[in-house]
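Asker: In case you want the letters, here they are:
Protein chains: 2
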Amino acid sequence: RTKVEIYQYVVLKWTLALLIGLITGLVGFFNNLGVENIAGFKLLLTNNLMINQKYHQAFAAYFGCNMILGVGAAALCAYIAPAAAGSGIPEVKAYLNGIDAHSILAPSTLFVKIFGSILGVAGGFVVGKEGPMVHTGACIANLLGQGGSRKYRLTWRWLRYFKNDRDRRDLITCGAAAGVAAAFRAPVGGVLFALEEAASWWRSALLWRTFFTTAVVAVVLRGLMQFCHQGEGKCGLFGEGGLIMFDVNSLEPAYTTPDLLAVIFLGVIGGLMGSLYNYLVDKVLRTYTTINGKGPIFKILLVMVISFMTSCIRFGLPLLSKCVPCSGECPNSPSTGFSMHYDSFQCPPNHFNDLSSLLFTTNDDAIRKLFIDSSESANAAFQLSSLIIFFVAIYLLGIVTYGVAIPSGLFIPVILAGASYGRLVGTVLNPFTDLDAGYFALLGAASFLGGTMRMTVSLCVILLELTNNLLMLPLVMLVLLVSKTVADCFNKGVYDQIVMLKGLPFMEAHAEPYMKNLVAGDVVSGPLFTFSGIEKVGTIVHALKVTGHHGFPVIDEPPLTDAPELCGLVLRSHLLVLLKHKTLFTRKRIMTRSTIIKKLKASDFAKPGLGRGISVKDLEFSEEEMEMFVDLHPITNKSPYTVVETMSLAKAALLFRELGLRHLLVVPKIPGRPPIVGILTRHDFMPEYILGLFPNLNRHK
Amino acid sequence: RTKVEIYQYVVLKWTLALLIGLITGLVGFFNNLGVENIAGFKLLLTNNLMINQKYHQAFAAYFGCNMILGVGAAALCAYIAPAAAGSGIPEVKAYLNGIDAHSILAPSTLFVKIFGSILGVAGGFVVGKEGPMVHTGACIANLLGQGGSRKYRLTWRWLRYFKNDRDRRDLITCGAAAGVAAAFRAPVGGVLFALEEAASWWRSALLWRTFFTTAVVAVVLRGLMQFCHQGEGKCGLFGEGGLIMFDVNSLEPAYTTPDLLAVIFLGVIGGLMGSLYNYLVDKVLRTYTTINGKGPIFKILLVMVISFMTSCIRFGLPLLSKCVPCSGECPNSPSTGFSMHYDSFQCPPNHFNDLSSLLFTTNDDAIRKLFIDSSESANAAFQLSSLIIFFVAIYLLGIVTYGVAIPSGLFIPVILAGASYGRLVGTVLNPFTDLDAGYFALLGAASFLGGTMRMTVSLCVILLELTNNLLMLPLVMLVLLVSKTVADCFNKGVYDQIVMLKGLPFMEAHAEPYMKNLVAGDVVSGPLFTFSGIEKVGTIVHALKVTGHHGFPVIDEPPLTDAPELCGLVLRSHLLVLLKHKTLFTRKRIMTRSTIIKKLKASDFAKPGLGRGISVKDLEFSEEEMEMFVDLHPITNKSPYTVVETMSLAKAALLFRELGLRHLLVVPKIPGRPPIVGILTRHDFMPEYILGLFPNLNRHK
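Residue numbers (the working numbering), protein chains in the order written: chain A, 1 to 701; chain B, 1 to 701.
If chains are identical, the list can't say which one is meant, so a pair holds when it fits in one copy or spans any two.
Here are the simulated SDA-like cross-link-like pairs (lysine to any residue), alpha carbons at most 20 Å apart as the crow flies:
hint, residue 1, residue 2
1, Lys669, Ala563
2, Lys516, Ile635
3, Lys651, His663
4, Lys638, Pro513
5, Lys638, Asn517
6, Lys638, Pro558
Just so you know, the hints here were simulated from the structure itself, not pulled from any lab data.
Model the full structure from these sequences, guided by the hints.
Answerer: Spelled out as C-alpha cells, the structure:
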C-alpha cells in the first residue's frame, strides 16, 4: 500500500467509527421515543377508562393494543427476517468468533430488529431492548462496512479496504459496543461488554476505537435528550425515558459485617435462581424451536398466546392486590410520563395499587420504581405480598417469553426479576440492616445478571453507569462474584447456551483437556482434494461442485519441481474469481503469472458482502474450456500456517484459535509421497466431532 | 492432573488473588500514612518557623529535611536495589511481554520500592507514588507466587502449580492492577490499566480475577480510612490523604459548542506539550544514565543536586509572589492536614500566598487545590501569574527529576503540570465559558496524561473514579482522544520510550511492514547446536558452556529412525536438571525412558524463582561421565511450533507473538539432510537486528 492509501484507510476507519456511533445513537434514541410514545398512549387510554370504572372496556383496550403490537412484531419477524427474533447477542458473539450465520447482519434483519423491538417492548412483553440494540449496532456497522447493501446496488468504491475479515470484525465489535452504550447510556460499560462478552479476538488498538464510538453515542444521546427536555411535549410522552434509569448521587452507603453476610446470601440465592433461569430458558427454547419450525403462522400464534398471557397477568393480578393509602397527595399525573406515577388502578381516591404501579407500566419504569430509595418518598415502599407476586410473575413470564418470534432482550427481564427479588429481601431484612431496600434491589439485579449472563466487569460498570454512583462498587462487585461463582457450578452462561442450542460451531478460547491425548493427524478426515500448481479447469470445477470446502491445498509436482511439494492454500472464493476470467486459461501447462497479475487486481478478490459471493453454479464452461489449464500460483497463499501431524491437538487448537484461522494445513512428519496429510477446519475442533470419532475419550480428562 | 489437584489449583489461585489484594491494599495505605505524616511533620516545622518570621531557619529546616529524605531514598536505591529506581511500569510491562530483567521483581526491590517511594515523595520531589505502587503490586504478586524468596529459603511446596510462566504472568498482571487500584483508589481503572497498558497477553478469565483483586484493594483501603477517620489523631497527620483526590458530586456540567472548541484546543496543546515532555524526558534520561553509571556515589550526588533545586524552587518562588487577602477568615489550621489549608507563608495576617499553597505542600494537596471548583470557595481562585510560574516550575522539575536514583512515578508530575495548565486556560477563558476553572484543570490533566502516557480508556476511568462523577465522561474522553492523536504524530508513549532506552527486547503486537518482504529463513542465524535423541554428556555440556541458548532442537538419527527427523525441542533448564542426576547416564546409546520417568517428577522441572536456576558452571563431570550417554526423549517437547523456512516473516512474527512463544523452529521446505534450519527467538524479530542484516530494507514499507 502507498502512503496515500494508508492515510485514506485511517481516515475512513475513524469516519466509520464516528458514523456507527452517530447512527446507533440516533436509532437508540428513536427506539426509546417510539416505545415511550406508543406505550404511553396505550397506558393513558386504559387509565382513562379505568378512572371511569369501565373495567371491561379497559381490559379490552389494553389487551387489544398489546395483541396488535405483538402480532405486528411477530409478523415482521416471521415473514421478513426470521434472523431478527431473539436477543441477537449470541449471534453477534458467534459472528465475532468467525461464524457467519445466514443473513444475521443483513439490512432486512436491521429493519425488523429496530421496528420489531419497538413494537415488542411497547406491546407489554417482558422483553428488553438491550439485546436487540446490540444486534442493531452490529448490523449498522456491517452495513456501513460493506458500503450499503450489495443486493440493492448500494456499494461504494472507497470502502474496498474494508472487504476483509479483520476490518469487518473490528467494525462489528465497535457496533456491538455502541449498541450497549445506546441501550444503557453506558459508554465505558459498552466497551467492556464488547471486550468481555462479545469479542473473541481483541487488539489494543480496538479499545481506543470502540471507546471513541461509544463516546459519540453518549454525546448524541445527551444532545437529543436535552432537546426533548427543553420544551414540554416536544417529544410526545417521552419523559425520563429509559436512558438513565436511576440517578443516585447519595453518599457512600454504610455497611457492616452482618450486611456483608446478607449480601453474600443474596448473591448465593441469586446465582442459584440465575442458573435455574438458564436451565428453564433452555428447555422452553427447545420446545419453541419445534413450534416455530412449523411455519410463520405458528410463530404468530405462539406470540398471540404469550401476549394474551402477559395481558391477563399484567391487568388481572393487580385486581387481587390491596389498595394502599397515599401518604400526602397521590402523585397521579400520568400525562407527563409514567416514571414516578403511582397507579390508582381500581382503588378509591387517595389510594394507590402498588402491584399495578409495577405491572401496569413499562418495564423501564418498573425498574426505576424498584430501585428508588425508600427514604426518598413514603410511597416508594411496597407490600411484601405485591413484591412476591410480582417476582414470581415476572420470573416465569420472562422465561416463557424468550424464544418467541419477536426481538427480545434478556437484560430487562433479568433485571426486573432480580430487582424485585432484591427489594423483597431488603424489605424483609429492613429491621436488621442499615442498607436501603432500593440498594438491595440494585444488588438483587446484579446477582441475577451475574447468575444468568456470567459477565463481571462489564455488568458491574454498566450498573454503576446506570446509577451514577461509583461508591456502590464494592458491594456490587461482591454480589456479582458470588452469584457468578455459584451459577458456574451448574451450567453455562445463557448466551453460550443459546449459541450451543443453535448449533453454531463456537471456538472456545481454551483447548479441551482430552485434546492433549490426541495429535493433529488423528482428527483429519474425509477425502482430501488437492490441486496442482497449474491445474486443469475441469478438475477444479469438479472439486468445487462435489465438495463444500472453502480451501484447497496446492501442490507443485514434477516437472515444475523435483518432488511433489506443498505450494500453499487456495480459497474457493479466489478460485471462482479466477475461473470467471476465461481468457486466462491456457492450452498447456505453462506459468502465466504476469498475465494474471496484469488482468486481475487485488480488489477483485476482496471479500464480498454477506452471502453474496459468486457460486460455482453460476459459471458455465464449454467442453473445450474444461480441458484447458489455469495457473493457480498467483492466487495461492504461499505461507499458510502448518502443523506437523504429530503435533498435539491441544496445541494445534491453540494456534488455530489464537491466530483466528479458518484452515490449518497438516503436513506429514516423515517426508513421504503426498506433502500434505489434510486440512483442519473449525468443525474438526468441535467436541461433538472429536468425541464422535473417539467415543472412548473421557470428556473431562 | 487429578481432580483434587485441579481443585487445589483453583482454590490457590483465588487465595493468591485475595492475598495480593489484601497486601497491596495494606502497603498502599501504609505508603500514604507514611508520606502524610513525614511530609506533615516537615511542613508543620517549617510553617511554625515562618510564622515567627525566622525565614532563614525555616529554609534551613525545609532544605535539611528534604535533603535527608532524598539522600535516604537514593542510598537505598543505589546500594540495595538499583532496579527500584524510576517508575517501574516499563519494567512490569516488559516482564509481562516475556522479558525477565535482572532482579526486577526481587524482594530487595520490593523493600526499596516501598520505603524509597515514601522517602522520595515525602522529600518534596516532583514524583508520584503511582508508578512505584504498580511495581510494588507486581513484586508482591511475584513473591507470593514463588512462595516467598528462595534466597531466604522461604518456599512452600503447595505453590508448585505456579512455577510456570503463564500462571506467574497472570499473578503479576493482578499485582499491577492492584497497584493502580491502591494508588488511585480506582478498582475499575486498575483492571483497565492492566488490560490496556501492562499486559501483552490477555485472557477473559484473567479479567475476572484481576477485578476481584482490585475489589479487595478497594475494600481494604476503605476500611482502613474509616478507621483513621473515626477518631482525631488516630493516624497522626493523615488527613484526606491522597486517596480520593477530588470528590465532586455536582450536576452534569453544561457545555456549548464554543466550550467544545476550547476543549479541543486544550487537547491539541496538551498533546503537543505531552509529546515535548516525552522528548525531553528521553534526553534527560540519556544524560542521567551516563552519570548514574559512574557509581552509587554519583547517583546520590545527582539526587542531592535535584533535591537542592527542588527546595529552592518550592521555598524561593513563593517569596516573589504577591499576597492575596482572604475572603472571610483565612482557613489556616495545618494541624489537621494540609488539604484545604491556604498558606500564609510570608504574608501578613488575613492574607495568603496562593503560589506557596501550591508549591509549599504535598503534590496530592496541590492537585486537590487545582481541581477544586472555584465556586466552592472564594479562596480557591488563583492569580494568573502564580499559575504560570507554578506550571513552568513543575513542568521543568518533573522532567529533570525523572531518572534520578529514587522510585519516581510519572503520573503525579504529569497531572500536576496538566492541571495547572488547564486551570490557567480555564482562568483565562473564564469570561467566555460556563465551564468552571476546576473542571478545566481536570481536562488539562487529562490532556497531559493522554499526551505522555497515550492510554485512553484506563486513564479516562481512573480520572472518573478520582472525581466520582461519571457525567464528566464525554469531555474527558474527547480531550484524551485529541491529545493522544496529536502526540502520536511525534513520538511514542513515555513508557515505550523507556523500554526502548533500557534496551529491553519488547515484542510489539503487530509485525513491522518490512517483515512482509522477508521469509523466516532469512533471519535465522548463527551456528545451530542440535542434539541427538540420545546424546553424549560431553557434547551437551560443551554446547551449554559455549552458547547462551535456552533451547536446542533434538534430532533422531539412524539407527533409531530411517532418516534424520526432528524429534522436538529441549530447554536448557531441563537439560541441567537431567544432568544433575548422573545415575541416569548410560554407557551405550540406549533408551532409558522408563527409568527417567521413575526417578524425576514433573515438579523437578518446574520453573524456579527469578534468576535462581542452576548454572552449567555448578555441575562437574569426570572424564568418564563425559563419555557416557543420556536419553533426551523424556524431557523433549515433542510438539514444538514450527514454520517452514519460506513462511513470510510477518506471519511467523504474528505466530510467535500471539502464542507467546520463546522459541520457534524453522524447518526446511524441501526435505533435506538436516531436518531443521534454525531457531527463531525474540531477538531475531527485533527491528535493530533485522535492519542490521538487511540494511537496504525500507523501515516504513
